[in-house]
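A.B. asks: Once you've looked at the hints, dock chain B against the given chain A.
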Amino acid sequence: MSYLYNTPDDQAAMLKSIGVDSIEELFSTIPEDLRLKRDLNLPPQMGELELTQHLSALAAKNASPATHACFLGGGSYDHFVPAAVDALASRGEFYTSYTPYQPEVSQGNLQAMFEYQTLICDLTGMDLSNASLYDGGSALAEAVIMALNTGKRGEKVVVLGTVHPEYRQILQTYFTDLGIEIVEIACPDGIADLAKVEASIDASTNCVIVQSPNFFGGIEDVAAIAEIAHKNDAVVIQSFDPISLGLLKRPGDLGADIAVAEGHSLGSPMQYGGPYLGIMACSDQFVRRLPGRIVGQTEDRRGKRCWVLTLQTREQHIRREKATSNICTNQGLFALRASIYLSLLGPSGLKQAAILCTQKAHYAQQTLTEIERLEPVFGGSPFFKEFVLRDTQGNVEGLLAEAREAGFLGGVPLGQFFPEMEDCFLVCVTEKRTKTEIDALTRTFSLCHTGGSTIHA
Amino acid sequence: MRNQQATQLLSELSHPGRVAVQWPACDVPEQPLEDIIPANFLAEEAPRLPELTEGEVVRHYTNLSTKNMSVDTHYYPLGSCTMKYNPKRNERLASLPGIVDLHPYQDESTIQGMLQLLYELQGIFSEISGLPACSLQPAAGAHGELTALMAAAKYFKSIGEDRKVVLAPDSSHGTNPASAQMAGFKAVSIKSDPNGGVDMEDFRKKLTDDIAVLMITNPSTLGLFEKNMREIADAVHEKGGLVYLDGANMNAILGIARPGDFGADMMHYNPHKTFSGPHGGGGPGAGPICVTEKLKPFLPSPIVEKDGERYKLDFDRPESIGRVRSFFGNTGVLVRAYCYILSHGPVGLREVSENAVLNANYLLSKVKHFLPVPRGERCMHEFVASASDLKKERGITAMDIGKRLLDYGFHAPTVYFPLTIPEAIMIEPTETESKETLDVFVETLFKITEEDPELLHDAPHTTPISRPNEVQAARSPCLRADFCSS
Numbered sequence: 001m002s003y004l005y006n007t008p009d010d011q012a013a014m015l016k017s018i019g020v021d022s023i024e025e026l027f028s029t030i031p032e033d034l035r036l037k038r039d040l041n042l043p044p045q046m047g048e049l050e051l052t053q054h055l056s057a058l059a060a061k062n063a064s065p066a067t068h069a070c071f072l073g074g075g076s077y078d079h080f081v082p083a084a085v086d087a088l089a090s091r092g093e094f095y096t097s098y099t100p101y102q103p104e105v106s107q108g109n110l111q112a113m114f115e116y117q118t119l120i121c122d123l124t125g126m127d128l129s130n131a132s133l134y135d136g137g138s139a140l141a142e143a144v145i146m147a148l149n150t151g152k153r154g155e156k157v158v159v160l161g162t163v164h165p166e167y168r169q170i171l172q173t174y175f176t177d178l179g180i181e182i183v184e185i186a187c188p189d190g191i192a193d194l195a196k197v198e199a200s201i202d203a204s205t206n207c208v209i210v211q212s213p214n215f216f217g218g219i220e221d222v223a224a225i226a227e228i229a230h231k232n233d234a235v236v237i238q239s240f241d242p243i244s245l246g247l248l249k250r251p252g253d254l255g256a257d258i259a260v261a262e263g264h265s266l267g268s269p270m271q272y273g274g275p276y277l278g279i280m281a282c283s284d285q286f287v288r289r290l291p292g293r294i295v296g297q298t299e300d301r302r303g304k305r306c307w308v309l310t311l312q313t314r315e316q317h318i319r320r321e322k323a324t325s326n327i328c329t330n331q332g333l334f335a336l337r338a339s340i341y342l343s344l345l346g347p348s349g350l351k352q353a354a355i356l357c358t359q360k361a362h363y364a365q366q367t368l369t370e371i372e373r374l375e376p377v378f379g380g381s382p383f384f385k386e387f388v389l390r391d392t393q394g395n396v397e398g399l400l401a402e403a404r405e406a407g408f409l410g411g412v413p414l415g416q417f418f419p420e421m422e423d424c425f426l427v428c429v430t431e432k433r434t435k436t437e438i439d440a441l442t443r444t445f446s447l448c449h450t451g452g453s454t455i456h457a
Numbered sequence: 458m459r460n461q462q463a464t465q466l467l468s469e470l471s472h473p474g475r476v477a478v479q480w481p482a483c484d485v486p487e488q489p490l491e492d493i494i495p496a497n498f499l500a501e502e503a504p505r506l507p508e509l510t511e512g513e514v515v516r517h518y519t520n521l522s523t524k525n526m527s528v529d530t531h532y533y534p535l536g537s538c539t540m541k542y543n544p545k546r547n548e549r550l551a552s553l554p555g556i557v558d559l560h561p562y563q564d565e566s567t568i569q570g571m572l573q574l575l576y577e578l579q580g581i582f583s584e585i586s587g588l589p590a591c592s593l594q595p596a597a598g599a600h601g602e603l604t605a606l607m608a609a610a611k612y613f614k615s616i617g618e619d620r621k622v623v624l625a626p627d628s629s630h631g632t633n634p635a636s637a638q639m640a641g642f643k644a645v646s647i648k649s650d651p652n653g654g655v656d657m658e659d660f661r662k663k664l665t666d667d668i669a670v671l672m673i674t675n676p677s678t679l680g681l682f683e684k685n686m687r688e689i690a691d692a693v694h695e696k697g698g699l700v701y702l703d704g705a706n707m708n709a710i711l712g713i714a715r716p717g718d719f720g721a722d723m724m725h726y727n728p729h730k731t732f733s734g735p736h737g738g739g740g741p742g743a744g745p746i747c748v749t750e751k752l753k754p755f756l757p758s759p760i761v762e763k764d765g766e767r768y769k770l771d772f773d774r775p776e777s778i779g780r781v782r783s784f785f786g787n788t789g790v791l792v793r794a795y796c797y798i799l800s801h802g803p804v805g806l807r808e809v810s811e812n813a814v815l816n817a818n819y820l821l822s823k824v825k826h827f828l829p830v831p832r833g834e835r836c837m838h839e840f841v842a843s844a845s846d847l848k849k850e851r852g853i854t855a856m857d858i859g860k861r862l863l864d865y866g867f868h869a870p871t872v873y874f875p876l877t878i879p880e881a882i883m884i885e886p887t888e889t890e891s892k893e894t895l896d897v898f899v900e901t902l903f904k905i906t907e908e909d910p911e912l913l914h915d916a917p918h919t920t921p922i923s924r925p926n927e928v929q930a931a932r933s934p935c936l937r938a939d940f941c942s943s
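Just so you know, the sequences run in chain order A and B.
In terms of the working numbering, the first sequence opens at residue 1 and continues consecutively.
In terms of the working numbering, the second sequence opens at residue 458 and continues consecutively.
Honestly, I wouldn't trust all of these hints.
Claimed, not checked - Beta-carbon label-pair distances, calculated as ranges: (1) A:12 - B:667: 47 to 57 Å; (2) B:615 - A:436: 53 to 63 Å; (3) A:224 - B:766: 18 to 28 Å; (4) B:933 - A:436: 53 to 63 Å; (5) B:771 - A:60: 16 to 26 Å; (6) A:155 - B:667: 17 to 27 Å; (7) B:764 - A:233: 48 to 58 Å.
Derived from the structure by calculation, the hints contain no laboratory data.
Glycine is no exception: its CB is placed at the ideal position from the N, C-alpha and C atoms.
Just chain A, same shape as in the assembly:
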């Protein structure tokens, strides 16, 4: 099966029209010594039924919601996706369409992207949004590029230690060999220390990166950080959780100049980390520097309102090495999903989702820390839907392994990101988790006797 139409008769007729005797002859422009003289060494062809059985068998080796309740967060979240999102986004007219370079036959996508930009501006309180980027982490790197290329500021990038560790790794990859100084501010309290922020920012600071709610779920004082940054003429970049904006103040209201987010929570599945949705919104000053695709409103020849891709002179296909970014795609389908999701939830639905996450997470933190073995790590500071627990017996792996046996993905071990937090893990509670599940996880953890200090041994 190869989804081909050409029968041997068709092929013969076509070869005749071309004026060659065989398909092989068509490849004669490839020098003989550069051609593969054998079949590719690949698994044999599978029909749809066999392939379905094969994939189902692979899927069955994975834990899924059918087998485990997910308390994992850290940038990827098990939020509920309404059926209408899947139904609409899976229409072939959306998902098998091309980049809307021919606006006359792409008004569906263009209008949807324009509405996405509008929704993101309304959600974030920012002036402008592009039509999406790859994911939250690379969007953050693109935000830094935009800040570095706008205005005549210094080249120091200040980033808080509560920003997602993988996002910070991406910044290191993108910038350290380009002579950009990246200063990371350690945040042992799980939240930024404003005095340290103040001490780290000076006239050479180009931008300050804060995540709120941060990697540990903590809500940062972005407004205060923005004030410090702006005093030094530095750009403020905030990475945010879009669901949290049902409840929390918007980046635009807190003083952020660029707001970026991982947007998969808005109606897209976790799918092992991707594809995701890189959200980027910013203030007007960046209008001709904003990377990625942008849709603008205009009129057609008959005066009808319509939409087109615009400001393309910033882009690589026109500017080549002088482009604002090399990005030549967006996450159109996932931006569409986010728009449908936000349209379905509306203001009250998003607010309620955010409140459910907050209430359930706080209930879970309370019940879990009643277990003698577990203690809150950043107990005093406000958090949204995630929080950090310490296993006082120092055996996070054992604890989480027992929880898995009982049907829970109980938390993300933090030692992999922060060596000093080897006895800690991050627990996330979305609106999908029920009291029954939270209570059962609590019971499971309280019954874990894998004890024995492994890390202080």
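C.D. replies: Positioned in the frame of chain A, the structure of chain B alone reads:
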């Protein structure tokens, strides 16, 4: 009958008080919000979003969808972007429970099936490319370019060489020079020769001692196999440089020639072109890269490894460039590529390329009689015709032809690319079209070249909108619904 509401914006359809989603009541004991989150962090009002019923949302987006051309509804003879059929099975398989709902931080023991799939896919991509090491992390083709160039930079650093120049032909995709610049290199353009290949004289002139990487698209953007490929690769290697292959056109050579065998040290795939991932109106794609053994240590982490019977993520790679994207990568797209490849097997994949090339040459043999194809009688999976004679003689441009095709129910070919051909019309039929469709397309194309130029300048006539004013859109940008200077 057209649905007028379909042109309204969500904000215009919104009615305060309408809701589509009913959340369950909070089933845990609630605390007053102000007790758990300080008031100064809380928004004073709910975000300004539209208020709609589910029915309104469904009707709005369904109506919008009908204003798109798509592969499911129309023929897309679009060069360079390989708009081939997207098999339905891939969508269902990528959405299976246990595939679509995995969290990226699940313990390795709970994702052995996914890791097996990704491990096998790394091997499959390596076999098809002839390059032994693979990273699935990059999120798009251009992201793959950037990642590979960063790896190259790190490689040169590791051997104590300071190389600054990346060469790319002037016919290459704009992402090539843009990626080079982002990775800290200086991008230098090489001319194309009259046949569309690399101009060897210009290439030799610019092949300096500080060349880091030559980026080449082969088959080229003109749909030609670079006949001097071996010589070019050898010359770059002799200077100590690396060859990067832009894999945009792999659809032409699956199982027929391998970049690793013809001199590439690194390449990216575009799974949405070659392995039938749907384009989704402009994304998502993915940009997995394959490299030689000596470049493997520099690939982003993690890579999937097999340890006995267990699959594991290898983060312990001290020379890695680090990370270019959060989590593992665009797994959902990769699963579709895996399914596509297994649906074909080695023989089927070769047939894909054979038929893609057959269809393209068949179209070429018909089109050349009324639209000159300046670079040759033979092509790979695509070819570039030129409307420059038509423009001189009748005032008909490539754009006019493209726009008029929309009236006849065909998506426009790629126009004005590559920049090296005047009035370029780049046509790629792909293997998933029938001879009948190609015949109707050629007849239509011919008919258009005979039509009244005035009719063409005003085309399209039957689409939901006529030609939009793009200058106005760029001059006074209106980028969100309530913020237009009208």
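A.B. asks: Confirm or reject each hint.
C.D. replies: Here is how each hint holds up against the structure:
1. A hinted range of 47 to 57 Å for the beta carbons of residue 12 of chain A and residue 667 of chain B is consistent with their spacing of about 53 Å.
2. Taken as a hint, the range 53 to 63 Å holds for the pair residue 615 of chain B and residue 436 of chain A, whose Cβ atoms sit roughly 54 Å apart.
3. In this structure, residue 224 of chain A and residue 766 of chain B break the distance hint of 18 to 28 Å, their C-beta atoms being roughly 53 Å apart.
4. Here the CB-CB span from residue 933 of chain B to residue 436 of chain A is close to 56 Å, well matched to the stated 53 to 63 Å.
5. In this structure the supplied range 16 to 26 Å holds for residue 771 of chain B paired with residue 60 of chain A, their Cβ-Cβ distance being about 25 Å.
6. For residue 155 of chain A paired with residue 667 of chain B, a C-beta distance near 24 Å keeps the hint of 17 to 27 Å intact.
7. Between residue 764 of chain B and residue 233 of chain A the beta carbons are some 52 Å apart, a value that agrees with the proposed interval 48 to 58 Å.
Going through the hint list in order, the structure does not satisfy hint 3, though it satisfies all others.
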